[in-house]
Amino acid sequence: MHTQYKLSDYHNRKFLTMKSTALKKRKVQAQFWVDSLLNSYGQIFFSKNKILAVLVVLASFINWHIGLWGLLAVVCTNVMANLLGFSRVHIQDGLFGLNSVLVVMGLAVEFQVNSAFVLVFFAACLLTLLLSVALMGYLSQLGVPFLSLPFLFAYWIMKLSVRQYDALELNINDIYAMNELYAFGGIALVGLYEYVNNMGLPDVLESYFNSLAAILFHGNVITGFLIAIALLIGSRIAFSLSLIGFFAGYLFYYLVGGDFTQLHYSYIGFNFILTAIAIGGFFFIPSWRTYALVIIITPLIAMLIAAFASLLLPFQLPVLSLPFAVIVIMIIYTMNFATKPHFLKVLNQQYSPENNLYSYSNYKERFEGTTWFQLTLPFLGEWSVSQGYNGKYTHKGDWKYAWDFVIEDTEKNTFRDSGTTVQEYYCYKLPVTAAAAGYVVQIVDDLPDNEIGGVDLKNNWGNSIVIKHAEHLYTQISHLKAGSFKVKVGDYVKRGQQLAFLGNSGRSPEPHIHFQVQATPYVGSKTMQYPLAYFIRKTSKGDYEFKRFAYPEEGDALFNVKISKLLRNAFSFIPGKIMRFEIEGDAKEDKKIVEWNVYTNSLGHTYLYCNDSNSVAYFHNDGTVHYFTSFSGDRTSLLYYFYLGAYKVMLGFYKKVKIQDVIPLQMVDSGAGMYLQDFLAPFKVYRKIDYNLEYISVDNSMRPAKMKLQARVDKNVFGNVAESFVFDIVVGVNNIDRFIVQFRGKKLIARQLDEYVSEDAEVFQNELTE
Amino acid sequence: MTKLRYERPVIKTLNKGVSNKFGAQQGFIPHTHIDGLSVKELTKEYGSPLFVLSERTIRETYRQAKTAFTTRYPNVQFAWSYKTNYMNAVCNVFHQEGSWAEVVSIFEYEKAMRNGVPGDKIIFNGPDKTENDHRIAIENGSPIHIDHLDELYSLIELSEKVDKRPRVAIRINLDTGVPPMWDRFGFNYESGKAWDAINKIMHTDKMDLIGLHCHIGTFMLAAHAYKVAASKLADLALSIKKTFGHDIQYIDMGGGFASKNTLKGAYLSGSDISPTFDDYAENICTALLNAGFKTEELPLLILESGRSLIDDAGYLLGSVLANKRLSDGRRATILDFGVNLLFTSFWYEHIISPAQECSQYAEDAVLYGPLCMNIDVVRESVKLPPLNKGDQVVVHRVGAYNMTQWMQFIALRPKITMIDMEGKSHLVRDSEDLDYLMLPERMPEHLKDFEL
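Just so you know, the sequences run in chain order A and B.
Mapped onto our numbering, the consecutive letters of the first sequence carry residue numbers 1 to 770.
Mapped onto our numbering, the consecutive letters of the second sequence carry residue numbers 1 to 452.
So that you can see chain A by itself, here it is in the shape it has in the complex:
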């Protein structure tokens, strides 16, 4: 039941809400600037990992002069982008800062700091920003990223132009690297530098670290080493790809006897590294195929390096990352034309190759449906499919995508007694209903019923109705009874509304529903392959199987999902809603109250936000199923457990239905085992998180007031359950009444105290990204 509160209590709460909203706004603003700064660095290595970003920043400060100007460039560019009103999402993602930091670092290496340099600095930032926006705008139409192209163009432009400005003085500090080091890290850093230099690292390793350092215009092993550590922390796949890419390039030079000094002295080797990460793991789902591709394209990169070097020599311009940008863009673009998807494009970029990989397996299954129009079965109760797609009787050629439905008894007979008259058929004169809302566009209503066994080949479809659901989306239901129509042409019908009764007209030797989806509004139009949004299929064992965006098959017995009002209300998280839970752990004294807010972001994605733990859980609810799509934040928070426990909830109550799904590995797994799995993931994913939901009990089947669901989340390693979470979800009349978490012998009970919709006129929206 709803908790009643006193008026004073209400005002108090409202005041607190407003206060917390203001606080939160400030917090989010700070978050925005921190994110935009760190992501600008992380993006260089295709990551949004904060630790990686901090390490990269530190690495850049090994030469503090370069580091500082790089940092200033990021801040300057992001402020400019914000002032010019570019997308805050892009700014926060670091997409603009990324190129500026490179351009300015490049300039800082070359020139001394003076007032002229400061002017050039601002010009460089602005130019890079504009180039970034322009290239993003243009290239996104082709479905390819702009990578470091803005940096290359801006850097070359700057280089070509500043030669004419005398006020800029060449930087000589770089020649005395020790001075820089001393200035930044004192004697200790100089010592370390000396130590590393004298360590006698193998050539190839030194070259690898130097190549990494060269990305930040640094020329020392320590920077490279720090970046390598950052890569490893950011992503095991990216790290292994950096090694694979680099050594493939190294090997190539060795085999063809190429001028290896190119790698050694200009450290242009980072082209191999970045290309390997981009192709092998970032833009495509990592697999043995993408790893193989990384190795196969090595010669191409080497050739592009050589070719571009010759081409740019007359202008005295460096090649930098041009080969990388060209080959990555080319491969991404050309893969659009592949007819067989050997290389799976990342659909939902999570800035982590392993996360992309772990999510991909069920992302398609989970969200493919969101693009289909929701059609349901055109009848009440349980029917069987007597003919499916490509049926053996009449569903052929242009009309192969159609279903015939009948009613069968235990003996699979469709009739009682002798079955010689239409009246003896179970489905005769049963109502047919609309598969979805739409307008009635055509009705045929003047054909008599056939005797059993007879067919009317002149009027194949018999009495029929065609409903328009959307542009180029119609459904047709045929073999109806003349004079039984309850709607007329032009009527708007709702899903499930009765249309007419089933007869036996047209090419129908015995009563059955013929149902098809088509693109044109005529009776007997060419059929179209189109799945039914949701239905429940009865298996041969008598269990129920929940199907979504699936195609009923011949012999299936099926019925529509009946949505439970209780479940629908409980999982109706309307933006603006606020829920408060009291959590009780094993120790009674540590009672705690958490508050969840429902928000929506500018992309229309809805999420639950827990202020207490600063956690976010994105969800999607299409009226039949509630899904959680992603979570970020504190993994000991109630919201995280709720994300796991209510990962996928079908909103109908059926004891015989079991809901199954797979939770992306990274959402649950952690620790050393996870690190090892990350390395091997492109070849074999042997750790898996299974989600199972069962509908346990309902207190009163007429007007339920309480329902109990139980979810299990199993962590599997090589198919054996290593650890399990058990979640009990108790649903009350209007809300989630209780949520109980059990794992590792611990028990957590959360009771909902109350829920209400925020009356704040301006429902707070923030731009928290996934």
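Keep in mind that the hints are not guaranteed to be accurate.
[To be verified] Per the computed footprint, the stretches of chain B lying under chain A, defined by three or more beta-carbons under 8 Å from a beta-carbon of chain A, are:
(1) 90-98
(2) 257-269
(3) 281-295
[Unchecked claim] Straight-line alpha carbon distances no greater than 27 Å define the calculated DSS-like cross-link-like pairs of lysine-lysine that follow:
(4) Lys227/B with Lys486/A
(5) Lys655/A with Lys111/B
(6) Lys429/A with Lys294/B
(7) Lys486/A with Lys294/B
(8) Lys294/B with Lys565/A
(9) Lys494/A with Lys260/B
(10) Lys242/B with Lys565/A
(11) Lys706/A with Lys415/B
(12) Lys164/B with Lys111/B
(13) Lys565/A with Lys164/B
(14) Lys706/A with Lys260/B
(15) Lys383/B with Lys565/A
(16) Lys242/B with Lys429/A
(17) Lys526/A with Lys392/A
(18) Lys227/B with Lys494/A
(19) Lys227/B with Lys429/A
(20) Lys294/B with Lys562/A
(21) Lys260/B with Lys415/B
(22) Lys412/A with Lys227/B
(23) Lys241/B with Lys562/A
(24) Lys706/A with Lys294/B
(25) Lys708/A with Lys164/B
(26) Lys706/A with Lys241/B
(27) Lys294/B with Lys468/A
(28) Lys412/A with Lys424/B
(29) Lys294/B with Lys488/A
(30) Lys227/B with Lys488/A
(31) Lys494/A with Lys241/B
(32) Lys415/B with Lys562/A
(33) Lys494/A with Lys294/B
(34) Lys241/B with Lys541/A
Simulated from the structure, these hints should not be mistaken for laboratory data.
Quick reminder that beta carbons are idealized off the backbone N, C-alpha and C, glycines included.
Once you have looked at the hints, place chain B on chain A.
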């Protein structure tokens, strides 16, 4: 070559054609097997007379009825009418199929509880409920169907003493245009008595009114009567919603669906005139769907059909004890079962088939039971081929009421078997013996001894 069976000659008037105004001639086709088991073997194993139930027929009939309703209305629930046949095996077949229980006395109620039916799925009907009965039903959360004002008052009184709020429905009688009007049960709709009762329940606010119930008659051959009844109940439910803002959770249309038996005095046979489940379903569901409920607030439709779900599944096997000629020359056959076991023979002209091969020559006969009572007549006039002593007969469609209304009178009750889905027979009730009969008897001390 087997020896041909002897059948004594008969003399009868010539009949033109196969059918006359009384319908098709029956009783000529021997019925030697039930669900694959031979009648001879069954009687050999279990004795004669013997009741036989077909699990397959029960399930199939139930599923047909369920399909007829669920393909027309979204929320349908059947509740098995215990009084029709409360053999536990029968009840459990229905419960396995998803049926709730509908009971009309405390002993039926307890039987349902013992069968494992959850309390909130036992509907408590009938005019005879004591305070204690009410108390048990309230504790278990069972829907109580109030039959009269006295019951309502006692419930109001009782509700003060118990912690739980009673969940009640009221039984309503109404004019469907089909006589006889069953106005002895419940509150009348047309006279406004029903609305009075509803007002009393809603205003006293001592109990939850969750449903409306009617039961318009028995063996209803007019399906449209249900349409009238359903729309009147729906009207009441909508008025309650409008007046009190209260949702009625279910509408219980009772039972009364006709089986395929032929009523005495009926012009045509039951199999020709009884409406099908589809006919009843169409009338009830259309009336409810058109009544004006919001889709979400459509009440649950409860059906308490008994007879139409079980009649076809029951058979009575019996044997011929003797033949004789009556003074008017008619043949009389005496069977080992009579009205003591076949209570429904007071209402129906039961179809009776010989259980062994026979010729097509039939003779008009009276079938008597074994009782030493004049009323013990199974069929006053039936055309049957001549039967010999020891021959078997099969009585069809005896599943309803006979196994509950049978009498222990002169003869003791026989065994009941059920043939399962695989065609195996199971004893579901043993025959009674003298010990069973004497069990509750008590002898006063002074009557114990006598000398003759």
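Results for each hint:
1. Counting residues of the stretch 90-98 of chain B whose CB lies closer than 8 Å to any CB of chain A gives 0, which falls below the minimum of 3, so the coverage claim is violated.
2. Coverage of the stretch 257-269 of chain B by chain A is violated. Counting CB-CB distances below 8 Å, 0 residues qualify, and the rule asks for three or more.
3. Restraint check on the stretch 281-295 of chain B versus chain A: 3 residues with Cβ-Cβ distances below 8 Å, three needed, restraint holds.
4. A distance of roughly 18 Å separates the Cα atoms of lysine 227/B and lysine 486/A; the hinted pair therefore holds under the 27 Å criterion.
5. Simply put, lysine 655/A and lysine 111/B have alpha-carbon atoms about 26 Å apart, close enough for the 27 Å limit, and the pair holds.
6. For the proposed pair lysine 429/A and lysine 294/B, the alpha carbon gap of about 24 Å is at most 27 Å, so the pair holds.
7. With a CA separation close to 18 Å, the supplied pair lysine 486/A and lysine 294/B stays within the 27 Å bound.
8. This hinted pair checks out: lysine 294/B and lysine 565/A have alpha carbons roughly 13 Å apart, not beyond 27 Å.
9. With a CA separation close to 39 Å, the supplied pair lysine 494/A and lysine 260/B exceeds the 27 Å bound.
10. This hinted pair checks out: lysine 242/B and lysine 565/A have alpha carbons roughly 21 Å apart, not beyond 27 Å.
11. The suggested pairing of lysine 706/A with lysine 415/B is violated, with an alpha-carbon distance near 45 Å, which exceeds 27 Å.
12. Among the hinted pairs, lysine 164/B with lysine 111/B is consistent with the structure: their alpha-carbon atoms are about 23 Å apart, no more than 27 Å.
13. Our distance criterion of 27 Å between C-alpha atoms is met by lysine 565/A and lysine 164/B, whose separation comes to about 25 Å.
14. With a C-alpha separation of about 42 Å, the suggested pair lysine 706/A and lysine 260/B falls outside the 27 Å cut-off, and the hint is violated.
15. Distance restraint check for lysine 383/B and lysine 565/A: the Cα-Cα separation of roughly 59 Å exceeds the 27 Å cut-off, and the hinted pair is therefore not satisfied.
16. As the CA atoms of lysine 242/B and lysine 429/A are separated by approximately 34 Å, the hinted pair breaks the 27 Å bound.
17. Distance hint between lysine 526/A and lysine 392/A is fulfilled; the C-alpha atoms sit about 18 Å from each other, no more than 27 Å.
18. Note on lysine 227/B and lysine 494/A: the hinted pairing holds, with a Cα-Cα distance of about 25 Å set against a maximum of 27 Å.
19. A hinted pair counts as satisfied when its Cα atoms are at most 27 Å apart, and lysine 227/B with lysine 429/A qualifies at roughly 17 Å.
20. The hinted pair formed by lysine 294/B and lysine 562/A meets the criterion: a straight-line CA distance of about 15 Å does not exceed 27 Å.
21. Our distance criterion of 27 Å between C-alpha atoms is met by lysine 260/B and lysine 415/B, whose separation comes to about 25 Å.
22. Restraint check for lysine 412/A and lysine 227/B: not satisfied, since their Cα atoms lie roughly 31 Å apart, outside the 27 Å limit.
23. With a C-alpha separation of about 23 Å, the suggested pair lysine 241/B and lysine 562/A falls inside the 27 Å cut-off, and the hint holds.
24. At most 27 Å may separate the alpha-carbon atoms for a hinted pair to count; lysine 706/A and lysine 294/B meet this at roughly 22 Å.
25. Taken as a hint, the lysine 708/A and lysine 164/B pair is honoured in the structure, with Cα atoms around 22 Å apart against an allowance of 27 Å.
26. Only pairs whose Cα atoms come within 27 Å are accepted, and lysine 706/A paired with lysine 241/B is accepted, the gap being roughly 23 Å.
27. Note on lysine 294/B and lysine 468/A: the hinted pairing holds, with a Cα-Cα distance of about 24 Å set against a maximum of 27 Å.
28. Pair hint lysine 412/A plus lysine 424/B holds up; C-alpha atoms about 22 Å apart against a cutoff of 27 Å.
29. Among the hinted pairs, lysine 294/B with lysine 488/A is consistent with the structure: their alpha-carbon atoms are about 22 Å apart, no more than 27 Å.
30. The straight-line distance between the Cα atoms of lysine 227/B and lysine 488/A is roughly 25 Å, inside the 27 Å bound, and the hint therefore holds.
31. Between lysine 494/A and lysine 241/B, the direct Cα distance comes to roughly 24 Å. Compliance with the 27 Å bound is thereby established for this hinted pair.
32. For a cut-off of 27 Å, the pair hint linking lysine 415/B to lysine 562/A is broken: about 44 Å separates their Cα positions.
33. Taken as a hint, the lysine 494/A and lysine 294/B pair is honoured in the structure, with Cα atoms around 13 Å apart against an allowance of 27 Å.
34. Between lysine 241/B and lysine 541/A the alpha-carbon distance is near 42 Å, which puts this suggested pair outside the 27 Å criterion.
Of the numbered hints stated above, those contradicted by the structure are hints 1, 2, 9, 11, 14, 15, 16, 22, 32 and 34, listed in ascending order.
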